[in-house]
Amino acid sequence: MGAPLSKLVWLATALLGAFALGVVALERGESVNAIWLVIAAVCTYFIAYRFYGLFIGSKVMSVDANRLTPAVRYNDGLDYVPTNRYVLFGHHFAAIAGAGPLVGPVLAAQMGYLPGTLWILAGVVFAGAVQDSMVLFLSTRRDGRSLGDMIRSEMGPLAGSLALVGVLMIMIIILAVLALVVVKALTGSPWGTFTVIATIPIAILMGIYARFLRPGRIGEMSLIGFALLMAALLYGQTVAESPDLAPLFTFKGEQLALMIIGYGFVASVLPVWLLLAPRDYLSTFLKIGTIICLALGILVVMPTLKMPAVTQFIDGTGPVFAGNLFPFLFITIACGAVSGFHALISSGTTPKMLETETQIPLIGYGGMLMESFVAVMAMVAATVIDPGVYFAMNSPAARIGTDVANAATVISSWGFAITPEMLLETAKDVGETSILSRAGGAPTLAVGMAQIFSSVIGGKAMMAFWYHFAILFEALFILTAVDAGTRACRFMVQDMIGAVAPSFRQTKSWSNNLIATGIAVTLWGYILYTGVIDPLGGINTLWPLFGIANQMLAGVALVLCTVVLFKMKRQRYAWVTVLPAIWLLICTLTAGMQKVFHASPAIGFLAQADKFGTALDAGKVIGPAKTIDQMNQIVFNAYVDAGIAIFLLILVVAMVGFGIVSIRRAIATDHPTALESGGTKEVGHA
Amino acid sequence: MLDLKVAYRILSQASRLMVGVPDYDGYVIHQMTRHPDDPVMSYEEFFRNRQDARYGGGGATRCC
Numbered sequence: 001m002g003a004p005l006s007k008l009v010w011l012a013t014a015l016l017g018a019f020a021l022g023v024v025a026l027e028r029g030e031s032v033n034a035i036w037l038v039i040a041a042v043c044t045y046f047i048a049y050r051f052y053g054l055f056i057g058s059k060v061m062s063v064d065a066n067r068l069t070p071a072v073r074y075n076d077g078l079d080y081v082p083t084n085r086y087v088l089f090g091h092h093f094a095a096i097a098g099a100g101p102l103v104g105p106v107l108a109a110q111m112g113y114l115p116g117t118l119w120i121l122a123g124v125v126f127a128g129a130v131q132d133s134m135v136l137f138l139s140t141r142r143d144g145r146s147l148g149d150m151i152r153s154e155m156g157p158l159a160g161s162l163a164l165v166g167v168l169m170i171m172i173i174i175l176a177v178l179a180l181v182v183v184k185a186l187t188g189s190p191w192g193t194f195t196v197i198a199t200i201p202i203a204i205l206m207g208i209y210a211r212f213l214r215p216g217r218i219g220e221m222s223l224i225g226f227a228l229l230m231a232a233l234l235y236g237q238t239v240a241e242s243p244d245l246a247p248l249f250t251f252k253g254e255q256l257a258l259m260i261i262g263y264g265f266v267a268s269v270l271p272v273w274l275l276l277a278p279r280d281y282l283s284t285f286l287k288i289g290t291i292i293c294l295a296l297g298i299l300v301v302m303p304t305l306k307m308p309a310v311t312q313f314i315d316g317t318g319p320v321f322a323g324n325l326f327p328f329l330f331i332t333i334a335c336g337a338v339s340g341f342h343a344l345i346s347s348g349t350t351p352k353m354l355e356t357e358t359q360i361p362l363i364g365y366g367g368m369l370m371e372s373f374v375a376v377m378a379m380v381a382a383t384v385i386d387p388g389v390y391f392a393m394n395s396p397a398a399r400i401g402t403d404v405a406n407a408a409t410v411i412s413s414w415g416f417a418i419t420p421e422m423l424l425e426t427a428k429d430v431g432e433t434s435i436l437s438r439a440g441g442a443p444t445l446a447v448g449m450a451q452i453f454s455s456v457i458g459g460k461a462m463m464a465f466w467y468h469f470a471i472l473f474e475a476l477f478i479l480t481a482v483d484a485g486t487r488a489c490r491f492m493v494q495d496m497i498g499a500v501a502p503s504f505r506q507t508k509s510w511s512n513n514l515i516a517t518g519i520a521v522t523l524w525g526y527i528l529y530t531g532v533i534d535p536l537g538g539i540n541t542l543w544p545l546f547g548i549a550n551q552m553l554a555g556v557a558l559v560l561c562t563v564v565l566f567k568m569k570r571q572r573y574a575w576v577t578v579l580p581a582i583w584l585l586i587c588t589l590t591a592g593m594q595k596v597f598h599a600s601p602a603i604g605f606l607a608q609a610d611k612f613g614t615a616l617d618a619g620k621v622i623g624p625a626k627t628i629d630q631m632n633q634i635v636f637n638a639y640v641d642a643g644i645a646i647f648l649l650i651l652v653v654a655m656v657g658f659g660i661v662s663i664r665r666a667i668a669t670d671h672p673t674a675l676e677s678g679g680t681k682e683v684g685h686a
Numbered sequence: 001m002l003d004l005k006v007a008y009r010i011l012s013q014a015s016r017l018m019v020g021v022p023d024y025d026g027y028v029i030h031q032m033t034r035h036p037d038d039p040v041m042s043y044e045e046f047f048r049n050r051q052d053a054r055y056g057g058g059g060a061t062r063c064c
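Residue numbers (the UniProt record's numbering), protein chains in the order written: chain L, 1 to 686; chain C, 1 to 64.
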């Protein structure tokens with residue numbers, strides 16, 4: 001392509017993107033087609049990749065095509081393998097895409113589709129994709145070492161240890177919140193519960209198949225697993241409609257929570273080939289396949305967005321999560337815009353498989369743009385459903401009550417007209433008895449996806465099938481994240497305790513295994529259980545904590561990137577990581593402070609503890625609590641949550657302090673001090 | 001021109017690597033050229049080795 005033509009194409013892309021954004025942002029009174037949102041996003045990604053992603057690669061990192069990557073230097077055909085860039089892109093994307101980008105945008109939709117979409121786009125371009133690609137670059141220059149290791153070597157041992165504690169804490173919160181999403185989706189849903197339970201024997205069957213019958217035949221076993229899964233999904237309807245079987249699979253939140261806790265323990269203790277690995281294969285392929293189908297579905301159906309661009313809830317009075325647009329929108333949409341967790345992936349297996357440094361922008365920056373697109377699709381799915389249905393599904397019972405008549409009255413009074421009949425009808429369409437207060441994002445997304453899929457295949461008759469398909473898809477990969485996460489936590493716990501008692505590091509020992517797994521499960525299980533019995537809804541309280549923790553980790557990763565840029569004497573480009581780091585620190589510190597100290601009991605944990613504590617002292621029970629026990633529970637949880645938030649605040653401030661000290665030291669030195677390994681001259685490993 | 005064979009190979013390798021199993025042929029070629037005296041794992045051994053490696057150590061293999 002000639003240079004003038006290429007310029008023309010980029011100009012056209014920019015104009016189309018700007019026009020689409022204009023349609024999305026400025027259209028008032030008329031409904032906007034979702035396709036404009038998709039066009040605006042895709043144009044933004046292309047422009048951002050071409051003009052910012054590649055700039056970061058060539059100028060900020062100054063990637064060197066001749067420098068040998070860890071994959072080339074340590075090539076062993078196993079862990080370190082130079083890999084085709086498209087193959088590696090798939091691997092990296094599959095590792096970073098999870099429930100986060102699907103849930104956050106759904107919750108944020110209470111403020112309308114516009115604020116969330118703008119943050120997803122701006123966040124990914126200037127923060128998320130920058131973080132992912134910079135950490136990938138850092139790790140590639142350091143033999144593919146992990147984030148914690150790099151913080152230790154570049155910022156000191158204390159900073160390294162602190163970061164590790166922070167990472168463990170974040171994993172615990174993430175596991176609890178993700179498990180809570182599954183509990184909320186399956187409560188009182190025999191169809192959903194049956195299919196999710198059915199995945200266990202299916203996975204075991206697959207595990208045995210791939211271990212003994214046809215060892216290592218991943219494709220075959222996944223196809224068999226998928227066929228059985230669809231059969232279970234179809235049979236689930238029969239179960240739900242049978243008066244004998246349905247009660248066997250109808251559980252309350254508390255029961256489901258205990259089952260998931262027990263399951264998480266067993267799955268992560270058993271040999272991985274039996275349950276964990278086959279479920280992982282099934283959920284990975286189902287996840288990628290469903291994401292592709294959702295994209296195609298949106299393109300074919302071209303649904304209209306029914307949610308207003310901006311709702312009145314930007315003032316912080318919304319029922320889904322409490323707090324103003326700033327800072328809470330930026331906390332609620334974590335993955336999809338920027339996710340600290342990705343720093344762990346970008347410093348995990350991906351840097352060990354890069355063929356050359358020049359592929360860092362494609363894999364790191366491009367991979368994150370793709371994840372952001374998943375978040376945009378989640379936003380579309382949440383806003384194509386009727387806003388009345390959206391609020392019925394996402395508001396806690398404390399706000400809308402537990403019967404459809406009351407819920408419809410309350411939600412209509414907010415300006416989102418809905419009738420009790422419509423709520424009942426929607427529940428019937430998706431094969432459930434009730435859709436009220438199914439918070440957590442997954443069910444809402446499932447209704448949106450069912451609406452889109454059923455307009456392509458099956459019509460209204462298939463809506464219930466598609467709803468449960470979507471629930472299954474989310475539950476499957478969330479539960480896989482729970483087992484694998486529990487296992488990862490177990491190794492971290494063993495490592496930490498091992499620092500004091502070295503024999504505890506023995507990973508082959510059964511007692512170490514059981515004790516460390518028990519600790520990990522107890523930690524997230526406790527938070528999960530409090531979330532389930534929380535009369536205020538759980539998600540309402542825990543999702544912001546997760547968001548704060550995740551964004552803080554991103555802030556820490558960007559601080560590390562900044563420190564390294566100074567140490568490399570490339571500080572003239574430090575603004576690339578400094579600006580998003582400052583923004584994330586402002587958001588997370590403000591949100592953290594508000595969650596602890598805000599005067600409104602709806603937002604501040606201490607105010608909440610105080611309100612319920614004062615009432616308790618007076619011997620009164622105030623809503624949403626119904627008993628003295630629940631009152632005590634609320635007060636205690638509020639203190640625990642405040643404690644977690646304060647710990648995170650201290651941690652992030654300390655990390656910034658370590659960062660500033662390291663930067664000053666780097667400035668005071670007149671030569672580069674970054675600890676890189678490998679150069680162009682080193683000879684490849686034999 | 002898009003070569004269908006190449007596209008299929010990339011797709012199948014990507015699917016396998018998504019679940020942590022790298023290219024077996026690549027491993028065999030590597031072993032034979034770089035370590036001609038060392039034994040080469042059979043595909044079954046290779047698969048088990050990779051499965052244990054994916055879930056065996058610390059670190060996160062996926063995001064939330």
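Please note that the accuracy of each hint is not assured.
Just some of the chain C residues that point at chain L, by a computed CB distance under 10 Å [what the hints assert, rightly or not]:
| id | residue |
| --- | --- |
| 1 | L4 |
| 2 | V19 |
| 3 | G56 |
Hints are computed from structural coordinates only; laboratory data are not their basis.
Here a beta-carbon is modelled for each residue, glycine too, at the ideal position from N, C-alpha and C.
Against the structure, the hints come out as follows:
no.	hint	verdict
1	L4	violated (15 Å)
2	V19	holds (5 Å)
3	G56	holds (8 Å)
The structure does not agree with numbered hint 1 stated previously, though it agrees with all others.
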